[in-house]
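2 protein chains.
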Amino acid sequence: MARPAAKKLETSTTLLEAAKKVLRQSGYAGLSTRDVAAAAGVPLSQIHYHFGSKQGLLLALFEYLNGQLLDRQDALYGDKSLSIAEQWDKACDYLDEDIGSGYVRVLQELSAAGWSDPEVAKVVRDAIKGWIDLIAEVARRAERELGGLGPFSAEEVAALVGSAFIGSESHYLLGLERRGVPVRQALRRFGDLIRIAESKSSKR
Amino acid sequence: MARPAAKKLETSTTLLEAAKKVLRQSGYAGLSTRDVAAAAGVPLSQIHYHFGSKQGLLLALFEYLNGQLLDRQDALYGDKSLSIAEQWDKACDYLDEDIGSGYVRVLQELSAAGWSDPEVAKVVRDAIKGWIDLIAEVARRAERELGGLGPFSAEEVAALVGSAFIGSESHYLLGLERRGVPVRQALRRFGDLIRIAESKSSKR
DNA sequence: GCAATTTTCGGTCGATCGACCGATTTATCA
DNA sequence: TGATAAATCGGTCGATCGACCGAAAATTGC
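Chains as they are written, first to last, in our numbering: chain A, 15 to 218; chain B, 15 to 218.
Warning: the hint list may mix true and false statements.
One copy or two, it doesn't matter: identical chains are merged, so the pair holds either way.
Claimed, not checked - Under the rule of at most 27 Å between Cα atoms (straight-line distance), these lysine-lysine pairs were calculated in the DSS-like manner:
#	residue 1	residue 2
1	K94	K214
2	K94	K143
3	K214	K143
4	K68	K214
No wet-lab data here; the hints were simulated from the structure.
Based on the sequences and whatever the hints tell you, model everything.
As C-alpha cells, then:
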C-alpha cells in the first residue's frame, strides 16, 4: 500500500531513466516491466513498489520528462528581448535537440498510448494543451506587433503550429525526412515568413 | 443444407474488416489475433493461414484500406475544374469523413507501429510519401497560378501541409479538439487564405 | 467419380506478460 | 541501542500472447 514519493532518488529515478531508454529503443508496444527492470539493474518488483503499476510508471515518466522541459519553455517564451522569428528559430532548435535526445520518440509513443488509455491521454493532452496555449500567446503578440494574422485567430494559429510540429515529429519517426520530405527544413522556412512580416511592420 | 448463400464473403476480407474494427476499438496495443478472429467469427488459425503472421495481417490491412482511398485521392487531385481552394476544402471534408469512419485511428495506429517495426514503417511511409507528392503537385500548380509561395518551395509546402494534417489527427485522437483547441477549424481557415490569394491573382 | 489441392477447424505448445507475495535487509529516530 | 518503517529481493501465480500442428471438410481439376 505504501506508495512513497521519490524520496530515495536512486532507484525510482534509475527506473524512470531505464523506462525512457527502453521506450526509445523498443517503443510502447515492446515496453515490458521486465525490460525496464533489467535496464535499470533492479528486481522487477521494484517497479510495483515505487510506481504501483506499469501505467503508474509511464505517467511518472511523462511528468518526469515534462518537468525537465518546463524551464526551457518558460525561458523561451518569457524572454521578451527575442523577436518572434528568433523564438521560432529557437523552437526549431529545440525540436532538433529533442529528436536527438529521444524525447520526441517518447512523447509520440505516450501520445499514441493515450489514444487507448484515457488516463495517459489526460496527462499528455494537458501538457500539449499547455504548449499550445504558450504558442497562442506568441501568436497574440504577433497579432499586435505585425498587424493581424490574416484570416486566422491566434488560437487557430496555435492549433496549426502545434499540429505541424507534432506531425513533423511523426513524419520524422517514420523516416520520411530521410526519403526526401523536407520536414524540419520546411518548419524552419516558416521563420523566414515571420522575418518578412517583421521587416514590413518595422518599416511602417 | 440451408446454408446462407448470401454471406459468402471471403474469409480473408472478413478478417481484414474485423482487424480494422478491433484496431479502432482497442488500438494497436490491444490488438490480439484472438480478438480479431473472434470479431470475424472464424477460428484463430485462419489468420496464420491467410496472412502468415500477425504482422502480415496488419500489412494486408493497410494496403486494403489504402486501396479504398486511392480512387478518392486521384479523383480529387485529377479534377482540374476545381480551384485550389476547393481542393483544400474537399481535403478537409475527407478528414472529417475519415475521422468518422475510424480510418484516421487505424492510420495513426499503424504509423505508430511503424516507429518500432521497419517493415510496417516502409508500407506506411510509402503511402504517406505518395500523398505528400500529390500535395506537392497541387503546390506547384498554386505556384504557377498564384505567383509564388512566398519563401517556400512546393516540396516544403507539401511537407508542412502533410505534417499539419497528420498532427491534427493526432491532436484529435488525444481529445484536444474537445478541449478547445480548434484543430480542424484552423485547417479549414487555411482555405480562406488560398481564396484570398486566388482572388488577388485573378484580379491581376 | 476420383484424386489433388485448398480451406477450415479445434487444440495445444512454449514464451512472456503484469501483478503479487513473504522474507530479508537497510534506513530512521526515540 | 532497539523499535519501527522503508526499501530490496527472489520467486511464483494466473492470464494471455503468437505460432503451430494434424485431422477434417470443402473445393477444384481431370
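Now the hints, each set against the structure:
For a Cα distance limit of 27 Å, the shortest separation of K94 from K214 inside one copy, 20 Å, qualifies, whereas the shortest one across copies, 36 Å, does not. Proximity of K94 and K143 under a CA criterion of 27 Å is satisfied intra-copy only: 22 Å inside one chain copy versus 39 Å between copies. In this assembly of identical chains, K214 and K143 lie within 27 Å of each other by CA distance neither inside one copy nor across copies; the values are 31 Å within and 36 Å between. When the C-alpha separation of K68 and K214 is checked against a cutoff of 27 Å, the pair qualifies neither within a copy, at 53 Å, nor between copies, at 57 Å.
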